[in-house]
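Please build the complete structure, drawing on both the sequences and the hints.
Here's the letter readout for the chains.
Protein chains: 2
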Amino acid sequence: MMKVVLLGSGNVATHLGQALKSAGHQILQVWSRTFENAQQLAVSLDASPISDLESLSEEAEIYIISVSDNAIPAVCAQFPFQDKLIVHTSGTTGLDVFDGHLNRCGVFYPLQTFSKQRAVDFQKVPMLIEGSSTNVTGDLLALAKSLSHKAVILNSEQRKALHVAAVFACNFSNHLYSIASEILSQNKMDFDLIRPLIEETAAKAQTFNPQEVQTGPAVRNDQLTLAKHFEFLKDQPELRKIYQLMSQHIINFYQKS
Amino acid sequence: MMKVVLLGSGNVATHLGQALKSAGHQILQVWSRTFENAQQLAVSLDASPISDLESLSEEAEIYIISVSDNAIPAVCAQFPFQDKLIVHTSGTTGLDVFDGHLNRCGVFYPLQTFSKQRAVDFQKVPMLIEGSSTNVTGDLLALAKSLSHKAVILNSEQRKALHVAAVFACNFSNHLYSIASEILSQNKMDFDLIRPLIEETAAKAQTFNPQEVQTGPAVRNDQLTLAKHFEFLKDQPELRKIYQLMSQHIINFYQKS
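If you read the sequences in order, they're chains A and B.
Residue 964 is where the first sequence starts when you use our numbering, and the numbers rise one by one after that.
Residue 964 is where the second sequence starts when you use our numbering, and the numbers rise one by one after that.
A couple of the hints might just be wrong.
List of simulated lysine-lysine pairs, DSBU-like, C-alpha gap at most 35 Å [to be verified]:
no.: 1; chain 1: B; residue 1: Lys-1191; chain 2: A; residue 2: Lys-1108
no.: 2; chain 1: A; residue 1: Lys-1151; chain 2: B; residue 2: Lys-1204
no.: 3; chain 1: B; residue 1: Lys-984; chain 2: A; residue 2: Lys-1087
no.: 4; chain 1: A; residue 1: Lys-1204; chain 2: B; residue 2: Lys-1113
no.: 5; chain 1: A; residue 1: Lys-1197; chain 2: B; residue 2: Lys-1113
no.: 6; chain 1: B; residue 1: Lys-1197; chain 2: A; residue 2: Lys-1079
no.: 7; chain 1: A; residue 1: Lys-1151; chain 2: B; residue 2: Lys-1087
Estimated spans, in silico, between C-beta atoms of each pair [to be verified]:
no.: 8; chain 1: B; residue 1: Asn-1172; chain 2: A; residue 2: Ser-1014; range: 30 to 36 Å
no.: 9; chain 1: A; residue 1: Lys-1151; chain 2: B; residue 2: Lys-966; range: 33 to 39 Å
no.: 10; chain 1: B; residue 1: Lys-966; chain 2: A; residue 2: Gln-1080; range: 48 to 54 Å
no.: 11; chain 1: A; residue 1: Thr-997; chain 2: B; residue 2: Gln-1086; range: 47 to 53 Å
no.: 12; chain 1: A; residue 1: Asp-1084; chain 2: B; residue 2: Ser-1031; range: 38 to 44 Å
no.: 13; chain 1: A; residue 1: Asn-1033; chain 2: B; residue 2: Gln-1003; range: 56 to 62 Å
no.: 14; chain 1: B; residue 1: Asn-1118; chain 2: A; residue 2: Thr-997; range: 47 to 53 Å
With the Cβ distance kept under 10 Å, some of the chain B side facing chain A (calculated, not the full set) [unchecked claim]:
no.: 15; residue: Asp-1015
no.: 16; residue: Ser-1078
no.: 17; residue: Pro-1089
no.: 18; residue: Gln-1121
no.: 19; residue: His-1126
no.: 20; residue: Leu-1139
no.: 21; residue: Ser-1141
no.: 22; residue: Ile-1146
no.: 23; residue: Gln-1169
no.: 24; residue: Thr-1170
no.: 25; residue: Ile-1205
No lab work stands behind these hints, which were simulated from the structure alone.
Even glycine gets a Cβ: it sits at the ideal position worked out from N, Cα and C.
Here's what the structure looks like:
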């Protein structure tokens, strides 16, 4: 059991806080620039809300910064303790952001898409760990393993690559679902029609390499269908550009391999 | 129970043939231009393989053309019967392809991503139906309902829109998984790391509208992270283009809404 202070109240902070609490750790405080946000999350975690970094408890064993990437440096700069273990939860930010706190710092990055509306089984969330020393890495690994079946040590460069890959696989895919949803509603059809397809596409990727199960007109280089779809999108130039770029990338990808 | 002839031996023909057989229909023949392909599928369906359209049995109640879109017209042109029910399984091809067979023709389009390596629960596959007459539509609807919980009548224009939406949501998403897989392997990480994320992203879309659960740097308009990712992709201009186009589309999409 560790004593934790959580700095942040967004999606990641919320899900991580709940996972920490469920695993038996004690959340002492939740900090947010906006007191109401701190309060809302703190209540559900039996923690004290604060909105002033000068009120930070010295009692915690780990301080977890879970704010948007561009807000991390400001929080670090105001962090008052030199000898405390401090981590952030960002995929793209390196260890170097800790600057003056390099003695005991690290990264504690949960790779998942978190929305406040939806519970997540944290046991299945890969935890990516980096520590400023072997000791710190060991502590973070132990904490990660108390939350998840999958805890892996990655360096900052790998973690950034993983984050980029996640943007492609998750953020962009979800946006493609939104595009599909718009096309369906423009043509008076329900998004339900396409949900089984979305589920199956992701399910396939759980056991196969996605390259082995690519389907659709582009991988068949079916120029007739591609032309019809291109024509169909004639009044939606942005969607046309995406359609064109993705299809061409698929064609090239499979010609090469 | 219907007597069926299957024209084609690809992924769709294979899964559809198996579903028809499981539902108690009788596959009389499987035709393919390549006899070995016809034979391979026919064996598993207790059907007779043929590679010559002149050998088509007159006994069937429905002839299902399941070949690539650009091969449909040639099969139609050689189809010897004027009064038989003939359908194709294409999302993008209209009823007009049947030309001289317009009396009793239709579309029988299963919306799913089929790979030969993987079994599909056909009960969950939406079946999109169009018939040249009320009678034909009724027959096709009955057949579709014997295979799937979800059978819906769509006109050709809607079906094309649905197919385009499916390309965005499924084919392009799967290719994004492939891109992620490449980025991971370039950086000595396993695709397993990202599989839970892919699963969760698709699972969210089963109950939410994807617009409600979009995450990532673009929807936050987090220019710092976008710039870092852009820099990360500096040696991969094609991926950079996709990253740029998708991110900008996300930014615009949520600014508008």
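So, going through the hints one by one against the coordinates:
no., hint, result
1, B:Lys-1191 / A:Lys-1108, "holds (29 Å)"
2, A:Lys-1151 / B:Lys-1204, "holds (32 Å)"
3, B:Lys-984 / A:Lys-1087, "violated (38 Å)"
4, A:Lys-1204 / B:Lys-1113, "holds (33 Å)"
5, A:Lys-1197 / B:Lys-1113, "holds (31 Å)"
6, B:Lys-1197 / A:Lys-1079, "holds (34 Å)"
7, A:Lys-1151 / B:Lys-1087, "holds (21 Å)"
8, B:Asn-1172 / A:Ser-1014: 30 to 36 Å, "holds (33 Å)"
9, A:Lys-1151 / B:Lys-966: 33 to 39 Å, "holds (35 Å)"
10, B:Lys-966 / A:Gln-1080: 48 to 54 Å, "holds (50 Å)"
11, A:Thr-997 / B:Gln-1086: 47 to 53 Å, "holds (48 Å)"
12, A:Asp-1084 / B:Ser-1031: 38 to 44 Å, "holds (41 Å)"
13, A:Asn-1033 / B:Gln-1003: 56 to 62 Å, "holds (57 Å)"
14, B:Asn-1118 / A:Thr-997: 47 to 53 Å, "holds (51 Å)"
15, Asp-1015, "violated (25 Å)"
16, Ser-1078, "holds (4 Å)"
17, Pro-1089, "holds (5 Å)"
18, Gln-1121, "holds (5 Å)"
19, His-1126, "holds (7 Å)"
20, Leu-1139, "holds (5 Å)"
21, Ser-1141, "holds (4 Å)"
22, Ile-1146, "holds (4 Å)"
23, Gln-1169, "holds (6 Å)"
24, Thr-1170, "holds (8 Å)"
25, Ile-1205, "holds (6 Å)"
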